[in-house]
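Given next are the chains, with one letter for each unit.
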Amino acid sequence: MDLINTLLKHIIDAAPLHPGWRPPYPYLLMNLFLPVLLGLILAWLTRLIEKGLISLLGEKH
Amino acid sequence: MDTVLSLFPVTAYWAGVQGLNLHLNLFSLILLGFLVGGVTGFFGVGGRLMTSPLLNAFFNVPYNVAVGSDLCQMLGTTTLNIIRFKRMSRIDFKLAAWMLVGTLIGIEGGAQGLELLKQAGTFTFFGLTLAYLPLIMTLVYSLLLLWIGLIIYQESKGPVQPSLSEGEPAPYQPAVTARLQHIQLPPMVSLPVSGIEAISLWVILGVGAATGLLLGFLGAGGGFIRLPALIYVIGCPMVVAIGTDLFESLFSLGYGTLSHSFKGNIDLLLTVILLVTGSLGLQIGGVLAKRFSNPHLRQVFALLTFVVVIVLVVKLFF
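From first to last, the protein sequence lines are chains A and B.
Positions 5 to 65 (our numbering) are the ones given, in order, by the first sequence.
Positions 46 to 363 (our numbering) are the ones given, in order, by the second sequence.
Treat the hints as calculated values from the structure; they're not laboratory data.
Treat the hints with caution; some may be incorrect.
Simulated crosslink set (DSSO-like; lysine-lysine; CA at most 30 Å straight-line) [to be verified]:
| no. | chain 1 | residue 1 | chain 2 | residue 2 |
| --- | --- | --- | --- | --- |
| 1 | B | Lys-131 | A | Lys-55 |
| 2 | A | Lys-55 | B | Lys-335 |
| 3 | B | Lys-360 | B | Lys-308 |
Starting from the given sequences, assemble the full structure and let the hints guide the process.
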C-alpha cells in the first residue's frame, strides 16, 4: 500500500508547473521502467488468458 | 471529478494551457483502451493508430499528452512481445544498430515537430478560431487512417493472400520498394544474418528515420509501417524482421519516452491504463480472431477507420 501511495504521489507531483519546467528524476525513471515492468507481468498474464480462452472456445481447425 | 483529474496531472495541466475542457472518466478510458486493443488483436493491423485521436475526440486529452503517453505504453507492449516472440524470431544486430541511428533522428524530429505545433497557438478561419495542434494532428491521423482503411478494404475484396512463412523472403514486392532496395548509393553494407549481400546504408537510415518520425509525431507507426518496410524495402526474411524490429524498438521507444518526458508530454497513469487494457484487449481479440476470423470481416475494420475519421473531423469543427 505504501508503495502504491508513493507511486501515486510521484505521478501526481509530475505535472509541469511552468514554462521551462524540468522533469523530476522519479518521473523520468518511472516513465522508463514502469511500462517495461508491466510488460513483463502482462506477458505472463496474457499467456494465461490465451490458454484459458483457447481451452474455453477451442481452436478453429 | 476533481479527484479523477488529480490522478492525471500532466493531462490536466496541458488541457488548461490549451483551453480544453477535459472530461476524463476512468471507466470510459478503460473501455476505450480495451476496445482499441481488441480491434488491433482481432484485425491485426492499425488499431493502435486510433488511440491518440480517440483520446482527444472523446475526452479532450491534448494531442501532445495522448501521443507521449501512447508512445510510452508501447515500451510495455514491446517488452511483452519480446518475451512472447523470443523463440519465433531472430535478430540482425547490425541492421538494428544502423536502423536505430535513423530512428533516433526521426523520433527527435517528430517530437520537436509536435513541440512546435504545441506552441504555435491559434488562427481564425472564416470566423472560426482553430488551434494548429489539433488541426494538423487531425489531418495527419485522418489521412493515415483513410489510407489504411482503403488498403484493407481493397485486400478484403480481393482473393485471400497466403501468409508469409517464417524465414522466407517476401514473394511479392511492390515496384517502389524494389527500386528503393536496389539504390546503389555508397556506402553499401552487407547484412549476412538477413541474407542481404549489399544495400545502401542510406536506405536503412531512411527507413529508420521515416518510421521514427511517425513514432515521435504520432506515437504509433511501428507495426504497420516498420515491419512491412523491413520486409519489402530492406528485404529481410519475416523471422528476422520481427526480431530486429522488436529489439530496435525497445531502444528507440526508450529514447522517445525520455524525449517526450523532458517535454512534459507523458501522463503515467494514462500510460498504465492504456498499456494494461490494450494488452488484455489485444490478447482476447487475437484469440477471437483465430476462432472467428474471416477475410471479409476486414471490411468492418475499413468501415471503422472511416467512422473514426468522420468523428475526428466533426470534433475539430464543432
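So, going through the hints one by one against the coordinates:
| no. | hint | result |
| --- | --- | --- |
| 1 | B:Lys-131 to A:Lys-55 | 18 Å, holds |
| 2 | A:Lys-55 to B:Lys-335 | 13 Å, holds |
| 3 | B:Lys-360 to B:Lys-308 | 26 Å, holds |
Checked against the numbered hints listed earlier, the structure breaks none of them; every hint is satisfied.
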